[in-house]
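K.L.:
Listed below, chain by chain, are the residues.
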Amino acid sequence: MSDELEVEVRGAEESVQVALLGELDISSAERLENELRRVEEKDPRMLVLDLRTLRFIDSTGLRIVLGADLRARRDGRKLVIVRGPEPVHRVFRIALLDRRLEFVDDPDSAGGAV
Amino acid sequence: MRRIEVHLEARPEAVGLARRTLDELAGLVSEPLLEDLRLMVSELVTNSIRHGDLGREDRIRLLAEVADRTVRVDVVNPGDGFHPPSIEPTIYQISGWGLFLLSQLADRWGVDGGDGTRVWFEVERHGERESPRRAS
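Line by line, the protein sequences are chains U and F. Numbering follows numbering that gives the first Met the number 0, in which position 71 of the first sequence is assigned residue number 70; successive positions increment by one, without gaps. Numbering follows numbering that gives the first Met the number 0, in which position 123 of the second sequence is assigned residue number 122; successive positions increment by one, without gaps.
There's no promise every hint is true.
Among the chain U residues that face chain F by a calculated CB cut under 7 Å, a handful are [unchecked claim]:
1) Glu-3
2) Glu-5
3) Val-6
4) Ser-14
5) Gln-16
6) Asp-57
7) Ile-63
8) Gly-66
9) His-88
10) Leu-95
If you are wondering where the hints come from, they were derived from the structure by calculation, not from laboratory data. Please read all numbers here as calculations on a predicted model, not as lab measurements. Just so you know, even glycine gets a beta-carbon here, dropped at the ideal spot from N, CA and C.
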């Protein structure tokens, strides 16, 4: 069990925010996946994944985010990602996912995102 | 020339420990390069955990060598000594995104078989700020 990643879930009903704190890799992947699915099961209209306090992500983390995006599209839910610091966002950029996924600079923009 | 070698228990926490090990290089290499190294080491050690078929007594060896022009990192899994090397090359096991990220960030990389499985990469240090002692 890893203590490197904290997951904070805020909000309920229509819009749920999931904030990640610390570092995301294989040691915390399953726990995050479970947490995301738990949130998704409650069928929110929007899920905001907040990466501002995430310090590290690798391909394991990318896969989890992609999984959440796929499930969102399948379930008719909106997934918006609040951009993380450069070491995190660059990984999405290198993987050419910065255009494919929906990123915003802050959570308040998520509500207004078309 | 600076060398680091650590032996990590084969568990998921090894990935974060491998990144912490590289913290020793802060100040020796630029921060952007260190970020690249952290990411690539995460990918390689993750691959060892996922596909290395390793048990609790097994140790993953992480070696990092910082020279003037290049940084080289090796991640080595133990071989069991009883069975011949896997026919399926490890390279195909660094699946999808991990391999892609490695190919994007490393200048050279490769897989060596033999008794164990060694995956390595090299990164050029050009573009980093030069040491003040070097002639301009």
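K.L.:
Next step is simple, just say for each hint if it's right about the structure.
P.N.:
Status of the hints after comparison with the structure:
With a cut of 7 Å, the hint placing Glu-3/U at the interface with chain F holds, because the nearest CB-to-CB distance is about 5 Å. Taken as an interface hint, Glu-5/U does not check out: its beta carbon lies about 14 Å from the nearest beta carbon of chain F, beyond 7 Å. Interface restraint check for Val-6/U: the shortest CB-CB distance to chain F comes to about 16 Å, outside 7 Å, so the restraint is violated. Because the beta carbon of Ser-14/U sits about 29 Å from the nearest beta carbon in chain F, more than 7 Å, this interface hint is broken.
Interface restraint check: Gln-16/U against chain F, minimum CB-CB distance 25 Å, threshold 7 Å, status violated. With a cut of 7 Å, the hint placing Asp-57/U at the interface with chain F holds, because the nearest CB-to-CB distance is about 4 Å. A cut of 7 Å between beta carbons decides the hint on Ile-63/U: the least distance to chain F is about 11 Å, and the hint is violated. The interface hint given for Gly-66/U is broken, as the beta carbon of that residue sits about 12 Å from the closest beta carbon of chain F, more than 7 Å.
Contact between His-88/U and chain F, as hinted, is not supported at the beta carbon level, the nearest pair being about 12 Å apart and thus beyond 7 Å. Because the closest C-beta pair between Leu-95/U and chain F is about 9 Å apart, greater than 7 Å, the hint is violated.
The structure is inconsistent with the numbered hints 2, 3, 4, 5, 7, 8, 9 and 10, although it conforms to all the rest.
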